[in-house]
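Participant: So you can see what is in the structure, the chains are spelled out below.
4 protein chains.
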Amino acid sequence: MSVNVGILGGTGAVGQRFIQLLDGHSDFELVAITASDDSAGKSYREAAKWRVDSPIPDWVGDIEVRETDPQAVPDDVDLLFSSLPSGVAEVVEPRFTEAGYVVSSNSSNSRMADDVPLVIPEVNGEHLDLLEVQQDERGWDGALVKNPNCSTITMVPTLAALDRFGLETVHVSTLQAVSGAGYDGVTSMEIIDNVIPHIGGEELKMETESRKLLGSFDGTEIDHHDVNVSASCNRVPTLDGHLENVWAETRKDIDTDDARGAFADAPTLDLPSAPDPLIEVFENPDRPQPRLDRTLGGGMQIAVGGLQNTPSGLQYNCLAHNTIRGAAGASLLNGELLVREGWV
Amino acid sequence: MSVNVGILGGTGAVGQRFIQLLDGHSDFELVAITASDDSAGKSYREAAKWRVDSPIPDWVGDIEVRETDPQAVPDDVDLLFSSLPSGVAEVVEPRFTEAGYVVSSNSSNSRMADDVPLVIPEVNGEHLDLLEVQQDERGWDGALVKNPNCSTITMVPTLAALDRFGLETVHVSTLQAVSGAGYDGVTSMEIIDNVIPHIGGEELKMETESRKLLGSFDGTEIDHHDVNVSASCNRVPTLDGHLENVWAETRKDIDTDDARGAFADAPTLDLPSAPDPLIEVFENPDRPQPRLDRTLGGGMQIAVGGLQNTPSGLQYNCLAHNTIRGAAGASLLNGELLVREGWV
Amino acid sequence: MSVNVGILGGTGAVGQRFIQLLDGHSDFELVAITASDDSAGKSYREAAKWRVDSPIPDWVGDIEVRETDPQAVPDDVDLLFSSLPSGVAEVVEPRFTEAGYVVSSNSSNSRMADDVPLVIPEVNGEHLDLLEVQQDERGWDGALVKNPNCSTITMVPTLAALDRFGLETVHVSTLQAVSGAGYDGVTSMEIIDNVIPHIGGEELKMETESRKLLGSFDGTEIDHHDVNVSASCNRVPTLDGHLENVWAETRKDIDTDDARGAFADAPTLDLPSAPDPLIEVFENPDRPQPRLDRTLGGGMQIAVGGLQNTPSGLQYNCLAHNTIRGAAGASLLNGELLVREGWV
Amino acid sequence: MSVNVGILGGTGAVGQRFIQLLDGHSDFELVAITASDDSAGKSYREAAKWRVDSPIPDWVGDIEVRETDPQAVPDDVDLLFSSLPSGVAEVVEPRFTEAGYVVSSNSSNSRMADDVPLVIPEVNGEHLDLLEVQQDERGWDGALVKNPNCSTITMVPTLAALDRFGLETVHVSTLQAVSGAGYDGVTSMEIIDNVIPHIGGEELKMETESRKLLGSFDGTEIDHHDVNVSASCNRVPTLDGHLENVWAETRKDIDTDDARGAFADAPTLDLPSAPDPLIEVFENPDRPQPRLDRTLGGGMQIAVGGLQNTPSGLQYNCLAHNTIRGAAGASLLNGELLVREGWV
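Chains as they are written, first to last, in the UniProt record's numbering: chain A, 1 to 344; chain B, 1 to 344; chain C, 1 to 344; chain D, 1 to 344.
Simulated from the structure, these hints should not be mistaken for laboratory data.
Here a beta-carbon is modelled for each residue, glycine too, at the ideal position from N, C-alpha and C.
Do not rely on the hints blindly, as some may be mistaken.
As the list claims (entries may be wrong) - 16 Å max Cα-Cα, derived EDC-like pairs, lysine to aspartate or glutamate: (1) C:LYS49 - B:ASP286; (2) C:LYS49 - C:ASP184; (3) D:LYS49 - D:ASP184; (4) A:LYS49 - D:GLU283.
Claimed, not checked - Partial chain A-side listing against chain D, Cβ under 10 Å, derived: (5) VAL52; (6) ILE192; (7) ARG294.
My request is simple: use the sequences and hints to build the entire structure.
Facilitator: Laid out in structure tokens, this is it:
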């Protein structure tokens, strides 16, 4: 099986991660890359300032970049990944879904829309069925699926595992890498020898997206979980890898062994990019660390450590690679699920 | 008034901060510096590898370093500051207090001992009276006062202010600078492009020291506060300045204006090194930041920002300079209080 | 004596340094700040995102920002400092000089123009007399003086001192701080755990500006020095302070003591911002270091170290604070010289 | 073919790189690891604090660490790699060579000894024949081969290529990563927001080792090249990858195309760890960069960029991974050459 895929907005940092991950992918063949109008017509090599730490694949360098317009994308593309700026995505993604394309998008727009599934395959893959409602309501032939924000993805697989004990309250403090803001998002003057204790909109995303992801789909709509998440988000001088300090309070008392058991039971899917296990637990309290552990499982695993019982709930740290599991890899995995579930 | 002071263990990172802060001090005159035996007899300039970012004061460079022994310290020294390694301090500090010296110590040993006052002057200066019990029980002519750990000091002045609303539960996540581990404590290979989500013993210090500091002294002993503090401590790639994300839950409902009022009411003391105000509140949510705000009030102020109401309590960030307010400046301020209260 | 001064383009990183340096200046009173049109009319506090590590002076925060236009600047301003982007400066600075203003500019345009003095007061203050030629040729009532590029300023005072031995060839490799590129010039993704071995145009600036600075003025024009400078410029992850590795070959053989003597003889001027001595020589081979030594002499000193004789010439390192001695402080010192020499 | 190999001093940073590189090696099977006495008897997993960014191979974790003593190493080990501290190596390596072992060592001792070949296979593999002299003179059954210092290796392959034009004078300024000093070699307090313009002994190593490497072997001794190398060495805040600014002056005039040709002609060996090409030339002047390009060719390639003609010679930058091509990979490649040349 080979599925022809394209990338909307493929020259930026997340776009380059898509290309790294698609290079040699077992099921997907990259056949189209779009970008802004001034890049259209150039070779990808020329249009993108390649910045990741493996050389640009030759076959990608030669691809001619297209306009981000349904007319410009060949008909035999079955699946589109989107890493467009959210303002652009808001306007452009519906044009593609109207034209019949299935879009797996990392852009932050429309994530909380009632008829848009927000999916982490190992957590709530069944929310994909919301696409029937979406197609009905919007009259689309195509479909739009979103993955959550990078800081949300890092934590929610662990919360889903703990929800068997009745998740009630979560405090989470994040130490987020600069790549999460995009290539130009954080200047060096801002972050060398410094921390920025604020990331616009991030805390709200963690609080609301978590509730939707952990919610249940009744065939018509998503019933959001009532967990109360309180997030404090910080930017720190790391390149990749979001580390998060979590306290989770549950209805039933749990100890660290209960948590280990729950994490070990987290599902592993039979999809090309799905890690096994989903959650890797470290016993050394000084792990996971961003630089040493962000590429576990090809950057798709959730690393957990520092498990402790406290009077304020189960305390632990979790870590994931923010531009792989938290962005391009998230959309890719959603794409793999869309194929398996017959939407592509 | 001029008080002759000395430093026990004055060649290390905290010792150098003591010297910076004593240079030009209105009331204290530095007359003696001790260090390990292999430094004794050398000039301070020769013994210390001066590493702070202002030149070594000439008059200090010429001081001859002494052995860390009561015999080696001149009799006219009225007050000693200690930045000895805690293992050494455990053995040596009692020798000085037995010999009649008053010691204001930053070392971590004995902080939780029943008869040792653990003091932040603006928070619990009245705990100094415990020294009468100490002298009685130990038969000392001198006295030993401790200041808390740097991460504790950063947070507790804000907690003390909020306790008027009945402090019950605190979650705190720290982003601590490398200087907190001493000059050689964190290697560059460990921390460049990285975070270490564990600092040995630090979480327990924050939890237990906070209870003692916020406790009340009944004339005989300290009744520790029953607040439940749960800390998650991280080392980040900053040089100086501990930033902390706090959630404080109180018996009475409070909003951010209540908190602003409480912070504004925090006491300011009439001591040379006491900042005014004690707590500076920023309204821009991306402040305070370690690099930009750690030297507020000469490094003695507590900076607060990001005030929010959440269902999980009052959320905010606080920041202090860990080797000034959190170490050398803390001991110095305790020394100033000891003088004012007649113990020196 | 008090001279009313203004800043053209005062909201950026160099503009903020101007304000830090003018706060409390003995001779200059800041009375006007201009910026781009969308800032005009706002208070400085509102228009500038204040980013330096001392609080914004209150009296400056209240100044109303003006348009960068001669009409908008009050007549009683005697001297203007310019930190405009060079493209803007190219157009705007002549409008001010035509209108009679004396402009001491840090912008890179016109530095190599035949009738524009490029000045480091301790090196070639006599080049100011070129202003007579400038006013004649251009018909200006005002005058335009430039200071060189930050990487040039760091090195040229040492070269000027060594020129008594007949400077012939210079190899210089720079390790430049990110602030040299402006607040947004280097992204964190580019420089964390990295070096960028290229700074556009920088090598040529060092090579040509050095020749002009070391040249002689014959009353009509500057005769450029024939020293052959070959520069290799690198951006490194430091915030402030350009460090440079220099090899200087001279006609006469010199040893390190000759060099020490020459550096000690470097002139110190009787101007408010002039450091004394101009050049500070370190004997410890691991100094100067950017973080520890960049603020020597208020950031106006040139620190030198690592002096060695080699078969390829005298080898040494030099360091200066790139946004003080290398930018705002450079223009300020030129302004002080302009006043002393009667041009203001 | 499979050769049994061991590592002397295998628990440190370079030892861990050896293990990464030997994991899956086509010709070598790792069968023994030695370390200091207090590690002997432990499993490798227990003895080594594993710090590289790929998980410890399981089969290595279970190896029992041995004493660094010929008696403790099994007889069927054919080749030993050494990453012992040089003081230890000075004493211990001869015990192994006397006992008949062939040792390929990265330790800095004895590199300049007359009868010890200092080898980069692509540069001076023929120097291996000096081992006959060594065995004769020392009465060893075994043999000792050294690779040069990491900063030397980065540059010398480019100098060897240019020597066809008659290499006369080299100026080189280095920007070296912290890993070059070993895991604990540079503290975070020393290097965050800083550069250290001095690395003890490094400049001399670059100057003398280069001459030996570029020298010729006449069957009896090495005739050192008479090139005059002048080095200025700096430590910068990068984790891995030494970047070097080079100016090379040659007897014959050369332009950048001549240099490109010479670099393209650099030999590529048919050895498992030898890169092809040896030297990769970048045309974009801002490359190579340490973080982006240090893993080229598995970390064994020399990256070159910024080629320019200057009046002071050919100017360019070169980069290599200091703990792969500059340390463990260098010894490994020497080991592969020793096998091919029949010494093992």
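Participant: Would you mind marking each hint as holding or not holding in the structure?
Facilitator: Against the structure, the hints:
1. For the hint linking C:LYS49 to B:ASP286, the alpha-carbon distance of about 12 Å falls within 16 Å, and the restraint holds.
2. Between the alpha carbons of C:LYS49 and C:ASP184 the distance comes to roughly 12 Å, so the proposed pair stays at or under 16 Å and holds.
3. As the CA atoms of D:LYS49 and D:ASP184 are separated by approximately 12 Å, the hinted pair is consistent with the 16 Å bound.
4. For the suggested pair A:LYS49 and D:GLU283, the alpha carbons sit about 14 Å apart, so the restraint of at most 16 Å is met.
5. Because the closest C-beta pair between A:VAL52 and chain D is about 8 Å apart, less than 10 Å, the hint holds.
6. At about 6 Å, the closest approach between the beta carbon of A:ILE192 and any beta carbon in chain D falls short of 10 Å, and the interface hint on this residue holds.
7. This hint holds: A:ARG294 has a C-beta 8 Å from the nearest C-beta of chain D, less than the 10 Å allowed.
When each numbered hint is compared with the structure, no violation occurs for any of them.
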